[in-house]
Amino acid sequence: MELLAPMRLYTLSKRHFVLVFVVFFICFGLTVFIGIAGPNAIESTVQPSKSDGSKVRWTFNSSSPSLSTYNQQLWLTCIIQLRAVEGAEMKIDVPMTVQIWGVVEDASVSYVNNQIYKPIRKSICKEKCAEIIVAHLGYLNYTQYHVMVVFHNKNSSIKNVDFKN
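Numbering follows our numbering, in which position 95 of the sequence shown is assigned residue number 95; successive positions increment by one, without gaps.
If you are wondering where the hints come from, they were derived from the structure by calculation, not from laboratory data.
These numbers were taken from a predicted model, which means no experiment stands behind them.
Wrong hints could be hidden among the right ones.
Derived lysine to aspartate or glutamate pairs resembling DMTMM-like cross-links, with alpha carbons at most 25 Å apart [what the hints assert, rightly or not]:
hint: 1; residue 1: Lys128; residue 2: Asp93
hint: 2; residue 1: Lys128; residue 2: Asp162
hint: 3; residue 1: Lys91; residue 2: Glu43
Ranges of calculated distance between the beta carbons of each label pair, as one might list FRET restraints [unchecked claim]:
hint: 4; residue 1: Glu131; residue 2: Ala41; range: 17 to 23 Å
hint: 5; residue 1: Lys164; residue 2: Leu12; range: 48 to 54 Å
hint: 6; residue 1: Lys126; residue 2: Gly29; range: 41 to 47 Å
hint: 7; residue 1: Val22; residue 2: Gln72; range: 31 to 37 Å
hint: 8; residue 1: Ala37; residue 2: Ala130; range: 42 to 48 Å
hint: 9; residue 1: Trp101; residue 2: Ser68; range: 15 to 21 Å
hint: 10; residue 1: Cys27; residue 2: Asp93; range: 50 to 56 Å
hint: 11; residue 1: His146; residue 2: Leu30; range: 37 to 43 Å
hint: 12; residue 1: Cys27; residue 2: Asp106; range: 40 to 46 Å
Backbone N, C-alpha and C define an ideal beta-carbon position, used for all residues, glycine too.
Let the hints inform the model, and build the full structure from the sequences given.
Quick look at the structure:
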């Protein structure tokens, strides 16, 4: 079968070939520069918690910044500092209560899933414990979230708790 129009491969001259690569590398360099000089993709803040006088309960109340459609996930982690431990490595159980409220545009507040979470996290500690994931929201339905975390320090070995969201 004979083709109606003769097919010919498109060929670039050396000048056009070099020009294509130069334009590609300029565009690639520009995107890398925008990525480095642009805003941070991960926004985090560190906040200390408050303890009642007996150091048996540690309470943390926080509000997330205003979220938009570009925010995809919300993480809340904490680092626990223990009282002086003589270089020994300890495994501790950290019982906590986590409540999460979602704030909609008209400023009304509702529970997320109408649940109070009571997880017990395990951590390995020397003086500072490994970072513990307190809450992770994989899909954000609200424009802002309020979180309240209460640690129940039964053995009074916790010295300080710092939260990072």
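Taking the hints in turn, this is what the structure says about them:
no.: 1; hint: Lys128 - Asp93; result: holds, 14 Å
no.: 2; hint: Lys128 - Asp162; result: holds, 11 Å
no.: 3; hint: Lys91 - Glu43; result: violated, 30 Å
no.: 4; hint: Glu131 - Ala41: 17 to 23 Å; result: holds, 19 Å
no.: 5; hint: Lys164 - Leu12: 48 to 54 Å; result: holds, 52 Å
no.: 6; hint: Lys126 - Gly29: 41 to 47 Å; result: holds, 44 Å
no.: 7; hint: Val22 - Gln72: 31 to 37 Å; result: holds, 35 Å
no.: 8; hint: Ala37 - Ala130: 42 to 48 Å; result: violated, 33 Å
no.: 9; hint: Trp101 - Ser68: 15 to 21 Å; result: holds, 19 Å
no.: 10; hint: Cys27 - Asp93: 50 to 56 Å; result: holds, 53 Å
no.: 11; hint: His146 - Leu30: 37 to 43 Å; result: holds, 40 Å
no.: 12; hint: Cys27 - Asp106: 40 to 46 Å; result: holds, 44 Å
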